[in-house]
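**Q** Spelled out, the chains give:
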Amino acid sequence: MPLRSAYRNKKAFSGKKTRRINAGLFSLILSCLVSLACIQLYSTEGDTGFLHRVKSFSQSAVSPISRVGAFISSPFRSKAETSRASLSSESVQELEEQNTKLRRAVEELEEYKQESERLRGLLQLSSAYQLQSSAARVIGRSLDAWSRTITIDKGSSNGFSSGMPVLNSYGLIGQIEQLNANNAVVRLISDEKSGVSAMIQSNRAAGILRGSADGSLRLEYITTDAEVKPGDVVITSGMGGVYPKGLPIGEVISVERSAASLYYNIVVRPPRASASYEEVLVITKLNDPDKQPIASSPSEADNQAADEQAGRLQVDPSAQSAQSVQAAQQEGPVLQEQPQGSE
Amino acid sequence: MAQLQTLQTTQKEATSSLLASFIIALFCLLLHLLLAQHISVLDGHFNFLLIACIVISFRHNSASLTWIGLLLGFMYDCLSSTSFGAMMLCFSLLFYLLSRGDRQAFKESFSYAFVRACLAIIVLEFVYAILLLTLGLDTSFLSSIYMRIVPNILMNCLLMLPVCFLMSGASFNRIGRSNKRANTRGLRFRS
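Top line first, the protein sequences correspond to chains X and A. Converting from the first sequence to my numbering requires adding 72 to each position, the first position being numbered 1. Converting from the second sequence to my numbering requires adding 328 to each position, the first position being numbered 1.
Because the hints were derived from the structure by calculation, they are not lab data. There could be a bad hint or two in this list.
[To be verified] In silico contact screen, one side only, chain X against chain A (beta carbon under 7 Å); selected entries:
#: 1; residue: L100
#: 2; residue: I111
#: 3; residue: G141
[Claimed, not checked] Pair ranges (Cβ atoms, derived):
#: 4; chain 1: X; residue 1: S188; chain 2: A; residue 2: Y474; range: 27 to 35 Å
#: 5; chain 1: A; residue 1: F469; chain 2: X; residue 2: I101; range: 21 to 29 Å
#: 6; chain 1: X; residue 1: Q186; chain 2: A; residue 2: T410; range: 53 to 61 Å
#: 7; chain 1: X; residue 1: P136; chain 2: A; residue 2: L370; range: 24 to 32 Å
#: 8; chain 1: X; residue 1: I144; chain 2: A; residue 2: L370; range: 18 to 26 Å
#: 9; chain 1: X; residue 1: E117; chain 2: A; residue 2: T462; range: 15 to 23 Å
#: 10; chain 1: X; residue 1: G121; chain 2: A; residue 2: L482; range: 31 to 39 Å
#: 11; chain 1: X; residue 1: G121; chain 2: A; residue 2: L358; range: 22 to 30 Å
#: 12; chain 1: X; residue 1: I144; chain 2: A; residue 2: P490; range: 13 to 21 Å
#: 13; chain 1: X; residue 1: R176; chain 2: A; residue 2: F469; range: 40 to 48 Å
#: 14; chain 1: A; residue 1: F469; chain 2: X; residue 2: K173; range: 16 to 24 Å
#: 15; chain 1: X; residue 1: Q112; chain 2: A; residue 2: V443; range: 30 to 38 Å
No experiment lies behind these values; they were computed from the predicted model shown. We treat Cβ as the ideally placed atom computed from N, Cα and C, and that holds for glycine.
Next up, chain X with everything else stripped away, as it sits in the complex (with noise of 0.2 Å):
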């Protein structure tokens, strides 16, 4: 009897316990039925529908609560963010290290540029001029104060020569006065020793630039006559054939006259007087044959533009007003009482 009641409560609990199952398995087959149907519902009926009417609605009502949590973590996520955001002591280092080297990068960028915008203004200015030129770069500089020179990385190997003029991106700079086979030493205009025959853009007007010890230009033989005002361009004449014609040498910063002088006391400055230079533009071959070099040194050169100064009425008349002439006549013999500038 036992063993029946036994079997039968057994035989009854595994009954329950399969019908409970069956439930269980009905109710997941409905509710996922149900998921379906609100999720296909949801993307067919648009923004206006019940569902996303619903949705809204019950939004809008749980939004206080929302605030209200959002001022309760409001200190803890700000102190998250801060821990977030601070880093550990090999990250600052790495960043730093990092930071380091970009800084580097850029400045070592920032000299490629500057250089970039040189050579393009030497390129500019070498195909402006229709020169035939060849590039260099500066190594080295006069050391004593009786002479302004530097020195090149080029020399006769590179199809240099002795009087060849050397420019930079600003005008003309010198002129080479000694070389050897790799290196070549320019003569700057503004040493005391040089001359350049140059004239005033505006009024043409032609003279002699000349340096002085204290490394100023000065413009000379410029009859006061002419109109001549601070900011006036200075370019090359173009007399002598050293150096080629219209070639900026700098900019009038001053113009004095002396009550008994026929000529102005004028005071050049190159453009970007205080730049060094860094890479320089050597004038190879003139195309205008009529500007080819007829010296074979600087000191015959100079010696060349002051004899062209004096007589240069008679070799280029074009260039002076009557005036001029008038004047450049009377003043023939001081011309040549001049110390004339040679070695």
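Could you slot chain A onto chain X? The hints should help.
**A** Positioned in the frame of chain X, the structure of chain A alone reads:
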């Protein structure tokens, strides 16, 4: 008479149990609303409704649990920005899976309870991700694994630690050792 009294007691217990489950679900929902969206660790978020899942799973049979899961999912979908019905499906499935486990073992052993809870969370997250992918709300399953699923699983498993500990009957000194004094409703320290 005794049978009638037993039946009435059973009905009262069932009603109070339902009421208790409803209160627990509401409480968890409130907690979820207050804190869940504001707490984020490794881009993972807590799902406080899972606490309700674990606690309520002791109280009802599989059919009731499935419907409770559906209701919880409905509440979650009402408050979230994702498609309606996705979490309803996931929670129904979750509650059903929890109801299928060995509840006695769940009550007695913390490790069993924790492992079951973690498995349920993993299933929930993956099913949810697949649903989103199917609905076109997600583009890459692989990226959602790394960006959402794994962090969420980690966060919610962490959340399940204290819940499973409290709901299982092991002694608090050594986790995983069964405790014969575990009561029928879970709640470790309740006699």
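**Q** State for each hint whether it applies.
**A** Tested hints:
With its C-beta approaching chain A no nearer than about 5 Å, X:L100 sits inside the 7 Å limit, and its interface hint holds. For X:I111, the interface hint holds, the least distance from its beta-carbon to any beta-carbon of chain A being 4 Å, beneath 7 Å. With a least beta-carbon distance of about 4 Å to chain A, the hint placing X:G141 at the interface is held under the 7 Å criterion. The supplied range of 27 to 35 Å is broken by X:S188 and A:Y474, whose beta-carbon atoms lie about 46 Å from each other.
A beta carbon spacing of about 26 Å between A:F469 and X:I101 agrees with the range 21 to 29 Å that was offered as a hint. A C-beta distance of roughly 57 Å is found between X:Q186 and A:T410, which places it inside the suggested range of 53 to 61 Å. Remark: the range hint 24 to 32 Å for X:P136 to A:L370 is upheld by a beta-carbon distance near 29 Å. Restraint check, X:I144 to A:L370: a C-beta distance of roughly 22 Å satisfies the suggested window 18 to 26 Å.
Between X:E117 and A:T462 the CB atoms are about 18 Å apart, so this pair conforms to the stated range of 15 to 23 Å. Distance hint check for X:G121 and A:L482: the Cβ-Cβ separation is about 36 Å, which falls inside the suggested range of 31 to 39 Å. Take X:G121 and A:L358: their Cβ atoms lie about 28 Å apart, and the range 22 to 30 Å holds. At about 20 Å, the beta-carbon gap between X:I144 and A:P490 stays in the expected band of 13 to 21 Å.
Checked against the given bound of 40 to 48 Å, the beta carbons of X:R176 and A:F469, roughly 44 Å apart, stay inside it. The supplied range of 16 to 24 Å is broken by A:F469 and X:K173, whose beta-carbon atoms lie about 39 Å from each other. At about 35 Å, the beta-carbon gap between X:Q112 and A:V443 stays in the expected band of 30 to 38 Å.
When the structure is compared with the earlier hints, violations turn up for hints 4, 14 and for no others.
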